[in-house]
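K.L.:
Chain by chain, the residues:
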Amino acid sequence: EPEVTQTPSHQVTQMGQEVILRCVPISNHLYFYWYRQILGQKVEFLVSFYNNEISEKSEIFDDQFSVERPDGSNFTLKIRSTKLEDSAMYFCASRRDRGQNEQFFGPGTRLTVL
Amino acid sequence: AQSVTQLDSQVPVFEEAPVELRCNYSSSVSVYLFWYVQYPNQGLQLLLKYLSGSTLVKGINGFEAEFNKSQTSFHLRKPSVHISDTAEYFCAVSEAAGNKLTFGGGTRVLVKP
Numbered sequence: 002e003p004e005v006t007q008t009p010s011h012q013v014t015q016m017g018q019e020v021i022l023r024c025v026p027i028s029n030h031l032y033f034y035w036y037r038q039i040l041g042q043k044v045e046f047l048v049s050f051y052n053n054e055i056s057e058k059s060e061i062f063d064d065q066f067s068v069e070r071p072d073g074s075n076f077t078l079k080i081r082s083t084k085l086e087d088s089a090m091y092f093c094a095s096r097r098d099r100g101q102n103e104q105f106f107g108p109g110t111r112l113t114v115l
Numbered sequence: 062a063q064s065v066t067q068l069d070s071q072v073p074v075f076e077e078a079p080v081e082l083r084c085n086y087s088s089s090v091s092v093y094l095f096w097y098v099q100y101p102n103q104g105l106q107l108l109l110k111y112l113s114g115s116t117l118v119k120g121i122n123g124f125e126a127e128f129n130k131s132q133t134s135f136h137l138r139k140p141s142v143h144i145s146d147t148a149e150y151f152c153a154v155s156e157a158a159g160n161k162l163t164f165g166g167g168t169r170v171l172v173k174p
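These protein sequence lines map, in sequence, to chains A and B.
Note that the numbering used here numbers the first sequence so that position 79 is 80, with each residue one more than the last.
Note that the numbering used here numbers the second sequence so that position 64 is 125, with each residue one more than the last.
Accuracy of the hints is not assured; some may be wrong.
Said to hold, decoys possible - Simulated pairs of lysine-lysine, DSS-like, Cα-Cα distance not exceeding 30 Å:
hint: 1; chain 1: A; residue 1: Lys-43; chain 2: A; residue 2: Lys-79
hint: 2; chain 1: A; residue 1: Lys-43; chain 2: B; residue 2: Lys-119
hint: 3; chain 1: B; residue 1: Lys-130; chain 2: A; residue 2: Lys-43
hint: 4; chain 1: B; residue 1: Lys-110; chain 2: A; residue 2: Lys-43
hint: 5; chain 1: A; residue 1: Lys-58; chain 2: B; residue 2: Lys-110
hint: 6; chain 1: B; residue 1: Lys-130; chain 2: B; residue 2: Lys-119
hint: 7; chain 1: A; residue 1: Lys-43; chain 2: B; residue 2: Lys-173
Claimed, not checked - With the Cβ distance kept under 7 Å, some of the chain B side facing chain A (calculated, not the full set):
hint: 8; residue: Tyr-100
hint: 9; residue: Gln-103
hint: 10; residue: Gly-104
hint: 11; residue: Leu-105
hint: 12; residue: Leu-109
hint: 13; residue: Lys-161
hint: 14; residue: Gly-166
Stated by the list, open to error - What follows is a set of in silico ranges between Cβ atoms, one per label pair, in the way DEER data are often shown:
hint: 15; chain 1: A; residue 1: Gln-18; chain 2: B; residue 2: Gly-123; range: 38 to 48 Å
hint: 16; chain 1: B; residue 1: Ser-70; chain 2: A; residue 2: Gln-15; range: 28 to 38 Å
hint: 17; chain 1: A; residue 1: Gly-17; chain 2: B; residue 2: Arg-138; range: 44 to 54 Å
hint: 18; chain 1: B; residue 1: Lys-130; chain 2: A; residue 2: Leu-85; range: 25 to 35 Å
hint: 19; chain 1: A; residue 1: Val-13; chain 2: B; residue 2: Ser-115; range: 40 to 50 Å
hint: 20; chain 1: A; residue 1: Thr-6; chain 2: B; residue 2: Gly-123; range: 37 to 47 Å
If you are wondering where the hints come from, they were derived from the structure by calculation, not from laboratory data.
The beta carbon of each residue, even a glycine, is placed where N, CA and C say it ideally should be.
Turn these sequences into a full structure, and let the hints guide you.
P.N.:
Set out below in structure tokens:
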């Protein structure tokens with residue numbers, strides 16, 4: 002069964018460093034999402050992406066964040082200059098098309114900022 | 062804007078006993094409702110969803126949920142749990158199909174033998 006994959010599973014970085022979290026959505030899916038979950042808190046929406054552009058973003062998704070679909074398979078989340086409060090589990094999700102309601106989630110990347 | 066409240070952060074339950082996980086939402090528009098499960102070290106997996114139609118929705122692994130519009134609730138139930146149901150369960154809403162999901166805080170279910 003096709004699934005969303007994410008790499009790495011755990012990323013440790015120093016404050017101020019750039020990180021790129023990678024996701025491979027399900028191959029025939031057209032809509033892509035990033036969510037995050039700070040330890041002990043709710044899963045929060047960050048951004049949605051369709052047709053090579055951001056379709057919606059939350060207040061969390063400020064200028065330090067960017068997303069890209071550099072090729073036909075990867076979907077990346079970049080944090081330019083990480084802060085301690087960026088430490089969280091980051092989930093990627095994808096959805097097939099307009100008529101399909103389910104978002105399929107990856108296993109997540111745990112980001113630890115020291 | 063919508064919000065989701067899961068009243069119980071943890072629910073311990075004995076094997077083969079029933080379980081109910083409560084979820085209440087608020088929204089100014091019609092919503093779609095979802096329950097996701099997260100097993101240890103795994104991603105979020107869809108258990109069931111309510112889009113329209115019958116208010117009683119059946120999902121995978123013997124779970125079901127009932128949409129109650131007047132009470133703005135979407136409680137999840139299972140009549141008899143297994144050890145393998147130990148996981149965290151998240152209720153979520155979206156204002157339209159495929160839109161961003163707004164999650165509740167999650168309920169951790171611990172099934173004891």
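K.L.:
Work down the list of hints and note, for each, if the structure agrees.
P.N.:
Status of each hint after checking the structure:
Our distance criterion of 30 Å between C-alpha atoms is met by A:Lys-43 and A:Lys-79, whose separation comes to about 21 Å. Distance restraint check for A:Lys-43 and B:Lys-119: the Cα-Cα separation of roughly 25 Å lies within the 30 Å cut-off, and the hinted pair is therefore satisfied. Our distance criterion of 30 Å between C-alpha atoms is met by B:Lys-130 and A:Lys-43, whose separation comes to about 24 Å. Taking the CA atoms of B:Lys-110 and A:Lys-43, the gap is about 19 Å. The hint holds against a cut of 30 Å.
Proposed proximity of A:Lys-58 and B:Lys-110 is supported: the alpha carbons are some 24 Å apart, at most 30 Å. About 17 Å separates the Cα atoms of B:Lys-130 and B:Lys-119, which keeps this hinted pair within 30 Å; it holds. Using a Cα cut-off of 30 Å, the hinted pair A:Lys-43 and B:Lys-173 holds, with the two alpha carbons roughly 25 Å apart. At about 10 Å, the closest approach between the beta carbon of B:Tyr-100 and any beta carbon in chain A exceeds 7 Å, and the interface hint on this residue is violated.
Restraint check, B:Gln-103 versus chain A: the minimum CB separation of about 6 Å is within 7 Å; hint holds. Residue-level restraint check for B:Gly-104 holds (minimum Cβ-Cβ distance to chain A is 4 Å; threshold 7 Å). A least Cβ separation of about 4 Å between B:Leu-105 and chain A falls short of the 7 Å threshold, and the interface hint therefore holds. Here the hint on B:Leu-109 is broken, as its CB sits about 10 Å from the closest CB of chain A, past 7 Å.
Hint on B:Lys-161 holds. Least Cβ distance to chain A is approximately 4 Å, under the 7 Å limit. Of the supplied interface hints, the one on B:Gly-166 holds, with its beta-carbon coming within about 5 Å of a beta-carbon of chain A, less than 7 Å. Restraint check, A:Gln-18 to B:Gly-123: a C-beta distance of roughly 46 Å satisfies the suggested window 38 to 48 Å. For B:Ser-70 and A:Gln-15, the Cβ-Cβ distance of about 33 Å falls inside the hinted range of 28 to 38 Å, so the restraint holds.
Evaluation of the 44 to 54 Å hint for A:Gly-17 and B:Arg-138 yields a pass: the beta carbon distance comes to about 48 Å. Roughly 42 Å separates the CB atoms of B:Lys-130 and A:Leu-85, a value that falls outside the hinted 25 to 35 Å. About 47 Å separates the C-beta atoms of A:Val-13 and B:Ser-115, a value consistent with the hinted range of 40 to 50 Å. The supplied range of 37 to 47 Å is broken by A:Thr-6 and B:Gly-123, whose beta-carbon atoms lie about 28 Å from each other.
Taken one by one, the earlier hints fail for this structure at numbers 8, 12, 18 and 20, listed in ascending order.
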